[in-house]
Structures are given as C-alpha cells and as structure tokens.
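K.L.:
Going down the list, the protein sequences come from chains R and U.
Numbered according to the working numbering, the first sequence spans residues 11 to 290.
Numbered according to the working numbering, the second sequence spans residues 808 to 938.
Hints listed in this document are in silico derivations from the structure and should not be mistaken for laboratory results.
Worth double-checking, as some hints may not be accurate.
To be verified - A few chain U residues facing chain R, derived, Cβ under 10 Å:
id : residue
1  : 922
2  : 923
3  : 924
Think of the CB as a built atom: it goes at the ideal place given N, C-alpha and C, for glycine as much as any other residue.
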Amino acid sequence: MRISLWGTRGSLPSAGPETVRYGGNTSCVELRDAAGALVVLDAGTGIRRLSAAVERDIRRLDILLTHLHMDHIQGFGFFEPLFRPELEVHVWGPPSTTHDLRTRLTKYLSPPLFPVRLRDLPCRLHLHDVPMGSFMIASLEVHAALVFHPGPTVGYRFVERGHSLVYIPDHEPALGARAFPDTPRWTSGHDLAMGAELLIHDAQFTDQEYGSRVGWGHSSIDDTGRFAELVKARRLVTFHHDPSHSDDMLDRMAQHVRDKGRIPYDLIPGQEGMSFTIGE
Amino acid sequence: MAQREIEIILMRQLASYLSVPIFVVDPAGTLLFYNEPAEALLGRVFDEAGEMPMGEWSTIFRPTDDEGRPLEPDVLPLVVALKQRQPARRALWIVGLDGVPRKIDVVAFPLIGQGNRLLGAAAVLWDVNGR
Chain R
11 MRISLWGTRG SLPSAGPETV RYGGNTSCVE LRDAAGALVV LDAGTGIRRL
61 SAAVERDIRR LDILLTHLHM DHIQGFGFFE PLFRPELEVH VWGPPSTTHD
111 LRTRLTKYLS PPLFPVRLRD LPCRLHLHDV PMGSFMIASL EVHAALVFHP
161 GPTVGYRFVE RGHSLVYIPD HEPALGARAF PDTPRWTSGH DLAMGAELLI
211 HDAQFTDQEY GSRVGWGHSS IDDTGRFAEL VKARRLVTFH HDPSHSDDML
261 DRMAQHVRDK GRIPYDLIPG QEGMSFTIGE
Chain U
808 MAQREIEIIL MRQLASYLSV PIFVVDPAGT LLFYNEPAEA LLGRVFDEAG
858 EMPMGEWSTI FRPTDDEGRP LEPDVLPLVV ALKQRQPARR ALWIVGLDGV
908 PRKIDVVAFP LIGQGNRLLG AAAVLWDVNG R
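Work out the full structure, taking the sequences as your base and the hints as a guide.
P.N.:
Structure (structure tokens):
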C-alpha cells in the first residue's frame, strides 16, 4: 500500500504563512493498493490537488467518506475526475437511519450552496452505504466500524497481504471509556485499530484545550498517544490538526508527547505531502 | 475479548452521568452495567456484582407481583424488550441484594443500532416509594 496525505487539517481550511509546513487543506488521503488501484479517503479540500495525480486512463476509483461533516466533503465538487464521463466512481459513506447517502450529499452538492448538482456530474457515479463489517475494493480488504464522533461516523481499516492501515480522522475514544486507556472492551475504535502498522488518527487538541471540548468528537494528542499505545500501533500519524494551530504549535505538541518518555510507536505529525509505504 | 458496540459504550456513558437508575444488557440478556443510582435500588455496587447472565439477574432479585407471586423471566420488561424488540413497562417488587424489598416501575426499551442490529436493551428502574 502507498499512502499520501493531501489534507491533514481539521474543521476548516487554514491557509496562511503560519500553516505552510503542515498544510491548510482539510482531510484527504490517497491510498493505492499494490496494483495501483486508487482509494480516496475523505473529500476535504485536499482532494482538489489530488486531481492532478489521478491518471487519465484510470477506469475506476473509490471515495470512502468517514462522515459527512463539511470539512470531509467540501472538496468533492472540485475533484476533477468526477467530470470524466468514462470514469466509474464509487462513493461510500456511513449509513443513516433517516436519509440515504445521495440525499445527504445533495444537501451540499446542489444550489444554492454549490452550482453543480450531484446528478449532473458526468462520471458514472455509484453511491453506497458502507457495510459494517468487511468488503473488498480491488486487493484491499476494507473493514468499517462506527466510532465516537457526533453523527454517524466510521473509521476504516485496510488490509493487503497482511499489512494494515487504519484511518480514524475524527475520533474521541476517551469519551466512553471510564478508565481510558485501560478498558479495551469499552474503548471506541479499539478492535478496528488493533495492531495497525500505520494509524492515522485525530489529534486536534492539546490536553488543556480538550478539557473544555469534551464531547466534540476529537482527541487531545495525549489521548491519541494513549490510544496508539493501547492498540499497539507501530506508526502514529497525527491528523485533523486544529485550524488555529500554527506549524510551530504542532511541532510543540509532538515534542510534548516525546518529552514524556519512551513511546512504543513512531510519532509522525501528519503533514500535507507526506507519503508512506506499507508492505513493500 | 471483543470491543463493545459503539452504541452500548455510549449508553453506558450516558447512564453513568444520569441520576435515574439505568440497567443495560447485551443481546443475549447478559447484564453489562448498572449505574450508581441503580446500585442503591439493587443493593450492591456494580463492580461487586459484575456482569451476569439473564438467567441469574432475572431471578437473583426475586421479582414478584403485588400479590407476591413470582414473575417468570419472560414477563420482565427487559426480557420483553429484548425478545420482542419493543418497549415494555411493568411495576413489580424486587428484593435487593441488601435484603430490602422495593417496589419499582421498570420501563425497558430495545437498543437497535444502524442496520437494524439488536445491540441489547436498557431499562429505567423507578423506585415507586422512594421518589
């Protein structure tokens, strides 16, 4: 698997001189299986720049949405491959008990919020509710599970030839676990993330900020580190950076975790443009 | 041991913050949790009682009707909610594990998650004489 980060920011695009290194685009990750099949994780504003990396001769791609908050779909209409008539695009999103995925996406992708209607996109668009459990996309075994975040939200685990990537960009696992992180059975995302070789995970807040934002569906970087340790992740990529956090602030947050002592995983603060390879 | 379903974790989280007694079971009827207000009614703190199968909790509190007749598990609201997937309510008597008989009103409802998955059931236990 090859993984590239196109947007690592949370909540709101945050372009400016103070966010140049980590980037200001919201959630979007490119995942390629060993044969090059393309899976896009979330359609935040980072997806616009990903457009240029999509081969002209590609016949199918899949977009997996973790949930439908604006920062995860805002770039959708600016993803150039959607305007290719020959391209088959499968969009997967968490199921809702009230409206199907098309109805929910159309709330944004229609006038007056957006000039192009979903149904008018030239590509061959297929919308799916993500099955809870596992399914295949190309050579990737995909596992989806509901995780803690306001509204239906899923995290994904991808396995190819025994190698695993876990993507949980919006997640507050400390919320329901009374003795976090000591109660795996009562910790959201535990089974999904167990043993991940690469864990891309929400780390929006400092511990101090988190104190006044409990229940917002995001984690402090300290809790994210505890979660990574609990699930025995090998590499942790922090993600969904707060829009008010500058590059220097994000450096300090990572250093704060490292200063606490030896950590049993590699801590990698997620930056736009980073790439990773798993299993090759 | 497998992680609990998200909805069940959230239910326990909510119950732990409420001041009304709440009792939560899984799809097999196994008691997963009751909160501190329920501990006062049931006569034992949850950490001491622990998880227990339906066959145990449905009899250990010796549920009876107003005339003192034992109630079979199948008529208990939580069991009805689980087996029939519908809310159920009944007033009954129990004897707490502290030996104190109490009349309670039980309102139970099934916990049905995304994709129509039965995840368990929860009940509000109302102390009829204590409130």
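K.L.:
Does the structure break any of the earlier hints, and which numbers would those be?
P.N.:
Nothing - there is no hint that the structure violates, so all of them hold.
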